[in-house]
Amino acid sequence: MPEIKVTPLGESGAGRGAQLHTIYVFIYVYMCINMCISVYSCVYVGAGQDVGRSCILVSIGGKNIMLDCGMHMGYNDDRRFPDFSYITQNGRLTEFLDCVIISHFHLDHCGALPFMSEMVGYDGPIYMTHPTKAICPILLEDFRKITVDKKGETNFFTSQMIKDCMKKVVPLNLHQTVQVDDELEIKAYYAGHVLGAAMVQIKVGSESVVYTVKSTYATTIRDSKRCRERDFLKKVHESIERGGKVLIPVFALGRAQELCILLETFWERMNLKAPIYFSTGLTEKANHYYKLFITWTNQKIRKTFVQRNMFEFKHIKAFDRSYADNPGPMVVFATPGMLHAGQSLQIFKKWAGHEKNMVIMPGYCVQGTIGHKILNGQRKLELEGSVCVSQLEVKLQLEVKLQVEYMSFSAHADAKGIMQLIRMAEPRNVLLVHGEAVKMEFLKGKIEQEFSIDCHMPANGETATVQTNPSVPVDISLNLLKREMALGGPLPDPKRPRTMHGTLIMKDNSLKLVSSEQALKDLGLNEHQLRFTCRVFSVFSPVLLQVFSVFSPVLLQVFSVFSPVLLQVFSVFSPVLLQVFSVFSPVLLQVQVYLTLSLLLSLLKGFSVQLLPDGTVMVESILIKVSSSPEDPDSKTLLLSWSYQDEDLGSFLSSLLKKGLPAALC
Amino acid sequence: MLDCGLDTTSVLNFLPLPLVHSPRLSKLPGWVSKDGSANLEKELKECAGRVFVDSQPEFCLPERELLDLSTIDVILISNYHCMMALPYITEHTGFTGTVYATEPTLTIGRLFMEELVNFMERVPKAQSATCWKNKEMQRMLPGPLKDVVDVWAWKRSYSIQEVNSALSKVQLVGYSQKVELFGAVQVSPLSSGYSLGSSNWIIQSHHEKVSYVSGSSLLTTHPQPMDQSSLKNSDVLILTGLTQMPTANPDGMLGEFCSNLAMTIRAGGNVLVPCYSSGVIYDLLECLYQFIDSANLGTTPFYFISPVANSSLEFSQIFAEWLCHNKQSKVYLPEPPFPHAELIQTNKLKHYPSIHGDFSSEFRQPCVVFTGHPSLRFGDVVHFMELWGKSSINTIIFTEPDFSYLDALAPYQPLAMKCVYCPIDTRLNFHQVSKLLKEVQPLHVVCPEQYTQPPLTQSHRSDLMLELQPPPMPYRRCSVLNLPHRRRYERVYILPELANSLVPSEIKPGVSLATVSAVLHSKDNKHTLQSVPKPPPVAPSKKRKRVLEEPPAVLAPKTLLSGAVPLEAFLATLQKHGFTEVKVEETADGHILHLQAEDTLIQLEEDGTHIVCDNNEPLRTTLRDLVLRFLQKL
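Chains as they are written, first to last, in the UniProt record's numbering: chain A, 1 to 666; chain B, 1 to 634.
Treat the hints loosely; a few may be bogus.
[Said to hold, decoys possible] A short list of chain A residues far from chain B (calculated; beta carbon distances all over 10 Å):
hint	residue
1	G91
2	V170
3	R255
4	R269
5	V306
6	G353
7	Q378
8	H456
9	E484
10	R498
[Unchecked claim] Quick look at which bits of chain A chain B covers, simulated, 3 or more residues with Cβ under 8 Å:
hint	region
11	174–182
12	516–530
[Unchecked claim] Straight line, CA to CA, 30 Å or less: simulated DSBU-like cross-link-like pairs of lysine-lysine:
hint	chain 1	residue 1	chain 2	residue 2
13	A	K482	B	K508
14	A	K350	A	K317
15	A	K285	A	K163
16	B	K330	A	K167
Keep in mind that the hints were calculated from the coordinates and are not lab data.
The structure presented is a predicted model; accordingly, all values stated were derived computationally and were not measured.
Built from N, CA and C at the ideal position, the CB exists for glycine as well.
Using the sequences plus the hints, can you model the full thing?
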């Protein structure tokens with residue numbers, strides 16, 4: 001029995017079951033012919049220390065595919081990369097993996113890619129969309145710089161490794177069907193939310209798997225997103241009205257651009273004058289990516305792009321370090337997103353002491369970062385480094401007075417989105433991985449209840465196996481198919497399904513379904529005719545014969561309907577009639593034929609019964625001949641002949657006729 | 001329907017539509033036949049010996065009478081040049097189908113249509129000439145007008161509403177995307193290398209493959225290279241859209257274009273380049289980008305004037321995944337893929353929606369103007385022809401191959417302006433096609449009649465035609481071709497339950513057979529075979545006797561038998577089963593076995609066995625089963 005195996009490699013086991021604050025939801029949906037496995041993944045942060053990394057192994061139809069290759073931002077040791085030793089203990093991954101697919105450019109989905117391809121060793125194709133291919137190496141390089149150059153870590157990939165890794169990338173276009181090899185094909189679909197994010201369908205034969213990052217079907221997500229957006233704008237607006245300064249720590253790509261568009265249109269609409277700044281460098285470049293890859297953004301942005309490219313901002317200007325001290329309200333987007341270093345931290349330090357100001361955290365924060373601390377309500381922060389005051393080393397302390405806001409994402413709506421996606425994909429199995437145990441249990445119950453399908457929750461490193469039961473594709477001869485469809489009529493009768501017969505020829509891995517005659521011809525076989533012939537000495541009631549000789553033509557019509565009744569009626573008059581009609585002996589033979597015919601007609605409804613010119617009656621292909629033996633003209637014989645193909649009917653008729661006709665009618 | 005292009009050469013028979021009043025054109029004499037019998041001076045004007053229709057230009061439409069357009073389910077578009085007749089096909093015809101095209105094809109096709117509508121509607125003509133179309137009249141007309149056919153089917157331009165409505169029927173597709181049509185066939189566009197988003201199409205079922213190759217290019221210009229390998233194993237390949245300039249080398253033409261341009265500018269003249277607003281113009285601009293500094297043209301203004309100039313230039317930058325590899329990798333930097341972004345940024349290239357407005361105040365000479373329409377019958381180009389035509393220091397450079405430049409210039413004669421003809425047509429030439437066909441090896445090739453013989457003007461050039469084995473099947477307008485291909489198989493799916501129940505038996509080494517009895521379900525052209533449902537249990541009947549006598553309800557499988565019954569082995573088997581008294585009689589075709597005790601005959605022949613047995617059903621079935629042992633069931 002064919003099967004599909006799914007093994008999550010990314011998540012470290014610890015996070016499960018902890019009471020976590022869900023801020024981000026990914027959904028993976030696996031689909032098979034009439035079957036679908038959906039993997040629900042939840043990257044979370046909060047008291048449970050864990051920031052997810054995605055890396056899932058799928059085995060389908062003998063192919064092994066790695067879905068995403070994420071890095072764990074919360075660890076600084078080996079644990080930051082997925083455990084590739086699960087796949088193979090020693091040696092390279094090239095032999096084992098048929099391809100790697102990256103869903104989008106977030107580091108928790110692609111951060112381990114150079115490690116996997118260059119340090120563990122993988123030379124096969126890596127598929128990602130054009131925008132992901134463009135942005136992914138920049139984020140990798142950025143991250144490498146922070147890790148290696150600033151923190152001085154070793155055992156990390158180099159710039160050259162990132163470049164070499166990217167050379168193995170094959171860009172995907174939306175809806176393009178990519179043939180990885182003769183059997184494995186993949187196809188990317190638009191998945192929204194992050195530039196270039198894709199849902200990927202993987203297909204081997206008639207089995208297929210769909211892998212997606214956040215559903216686009218989920219209208220509920222959009223609704224709830226709109227609420228969050230309104231909430232965000234309200235918070236910014238209030239702060240500005242108060243004359244406060246708003247800091248939005250962001251990562252260079254993704255949410256930053258969405259928020260910029262939001263603010264830009266809001267400023268335009270409300271005619272606001274307070275300046276919005278965007279910290280320079282990478283982020284400016286990022287906006288440029290959005291401009292060039294505008295076809296990968298939503299319909300609205302694309303439609304209006306000639307009149308006004310959404311990413312050419314009117315109100316948002318480049319930030320300069322000196323602006324932070326300017327008086328009056330302002331909004332600043334600054335990197336990095338977790339307030340652990342760089343410009344965002346510098347600005348934060350400057351503004352933290354005033355209640356009027358505000359910081360809005362639009363994403364998750366790793367434990368240990370300032371972002372993480374203030375989100376947990378810490379109001380006094382010890383800063384790294386120290387100053388010397390009169391030869392005394394004084395640790396810098398920062399009192400946080402500004403408002404701390406967090407853009408939360410409703411997990412409930414995302415659950416709705418998953419339900420909607422499952423409804424559309426009509427899966428048979430659902431797999432949930434990487435999530436908060438309670439929420440996953442809830443979702444599992446809901447899915448099982450609503451769709452009556454199996455729902456699995458494999459743990460990290462544990463393999464979930466789903467049996468598939470694909471249909472067998474066969475080539476049917478067009479003649480056979482057309483004949484069958486013509487016989488079946490335009491609307492088949494469900495009560496009387498037509499059975500079609502054919503011969504399946506299995507030869508050199510090909511399966512051909514042809515009519516039996518065609519099979520004989522194709523294979524150069526001779527047909528062997530098997531025939532049976534029986535003689536039946538029938539016992540006719542002489543009376544009946546007389547009667548019918550007169551009325552035969554008319555009766556034939558009537559008889560087919562009323563036959564049993566009529567026979568009863570006529571049998572009453574028998575003694576008299578016999579005398580009268582015994583004269584017409586030559587006619588009798590003919591009569592017997594009619595009698596046989598009408599009898600059969602009444603009995604064998606649904607079969608073709610016909611009279612041939614030579615007086616033979618044919619039932620389907622069975623021949624029935626009435627003859628009188630030369631020595632005794634009164635004794636009539638029925639000769640029955642059929643081929644093996646009509647064995648059932650022939651056998652039935654022979655025993656029927658043997659009993660004698662009147663007997664058969666009782 | 002494969003493509004629906006518009007034949008725009010018909011507009012050459014019309015007088016140009018000037019943007020501003022042209023005294024020259026309005027003073028042209030009306031045409032009166034020599035004997036004075038036909039007077040059409042209101043409709044026809046004479047210019048330099050040629051006669052032109054003074055009316056809004058009209059287009060020659062695709063054939064609309066041959067078939068009922070409402071029966072068309074799908075239109076496949078190969079590139080934006082080949083969709084200009086779409087509104088004539090999809091509007092007011094009962095068309096309810098779907099049009100498939102790539103995103104750049106739709107976007108640029110829309111720009112072309114909007115431009116056309118704009119060109120026509122901004123200079124409305126009060127009158128519409130129809131008298132000349134009268135058969136009696138037309139016969140008396142001179143020159144090309146006399147010979148044009150189907151003039152009554154010519155139509156004026158569509159409206160913007162019709163364009164919008166037609167384009168709303170377009171469904172976007174990506175390269176190598178497999179689109180299921182009604183479950184019967186799969187269509188898939190492939191990169192054809194000719195223009196942004198241009199595609200060849202593959203139409204295939206599980207067993208047949210038809211390729212439609214239209215407007216393809218193997219040259220390296222801006223679009224993604226042509227996908228050749230996917231065309232392999234076609235049963236039929238429909239080939240069209242070859243180069244119209246088989247003798248002109250695009251690279252050479254580009255060089256000539258640049259040198260003529262530089263020469264004119266240096267001499268203080270202006271250069272007019274009539275062109276479409278997308279396509280080759282991108283390559284021209286890129287070529288000029290490299291050429292400007294070396295030719296010392298840094299201060300010369302370049303103008304691109306079209307209602308859709310801005311959109312065209314902007315859109316070209318955002319279709320990265322449809323571009324050639326070099327341009328694609330620029331986006332990763334991130335830089336705009338086309339250098340015209342830089343030309344615009346540095347103010348070397350300026351674009352305007354029309355000659356009115358900003359352009360008239362910013363216009364400096366000498367300059368280079370790119371503008372449409374290449375037929376020189378409408379659009380801003382008409383204005384520049386009137387403006388610059390009288391001076392021999394100016395040059396007009398033709399780059400688009402769709403129109404004969406002599407015909408295009410006819411209504412402007414006498415002309416002092418220099419004319420340079422360097423048509424750039426990057427589509428396949430005959431040499432490239434034969435190489436391609438050798439590579440992809442289709443079973444049959446179907447192509448327009450013109451490709452099967454050398455051009456009329458160069459009848460000695462046997463290299464300017466298709467020579468194939470087997471010869472290509474030519475078609476012409478309104479001809480109906482029967483493709484020499486017979487469909488034999490269709491895909492059917494056997495459901496797992498049925499598949500598991502099949503019992504294959506090996507009939508020859510490597511060949512196994514299984515008889516299949518199943519119920520066929522056909523839905524949306526997809527066929528599945530299911531197990532025959534078990535008959536419901538017979539309701540307990542009071543007349544049990546009758547039940548026994550019911551004829552068999554369902555016809556049993558019509559099993560065929562194969563093989564032969566060998567005499568010796570059969571006799572041995574009979575012996576084993578207690579039939580000892582067997583008399584064997586040899587006949588012409590085999591043997592007759594007489595079972596004497598049972599008074600039963602068995603006739604054994606090479607391809608048949610006949611059992612004659614009276615009134616003894618158990619005996620008959622026993623014999624039957626013995627015979628069947630030696631035979632193969634099918």
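Checked hints:
1. G91: Label holds. Min Cβ-Cβ 32 Å, cutoff 10 Å.
2. V170: holds, 12 Å
3. R255: holds, 19 Å
4. R269: holds, 25 Å
5. V306: Per Cβ check, V306 (chain A) is inside 10 Å of chain B; nearest 5 Å; violated.
6. G353: Label holds. Min Cβ-Cβ 39 Å, cutoff 10 Å.
7. Q378: Correct as stated: the minimum Cβ-Cβ distance to chain B is 39 Å, above 10 Å.
8. H456: Given a closest Cβ separation of 21 Å, the condition holds.
9. E484: violated, 5 Å
10. R498: violated, 7 Å
11. 174–182: holds (count 5)
12. 516–530: That given contact holds, which follows from 11 residues of the region 516–530 of chain A lying within Cβ reach (below 8 Å) of chain B.
13. A:K482 / B:K508: holds, 29 Å
14. A:K350 / A:K317: holds, 20 Å
15. A:K285 / A:K163: Given that 30 Å is the threshold and the Cα spacing comes to 19 Å, the pair holds.
16. B:K330 / A:K167: holds, 15 Å
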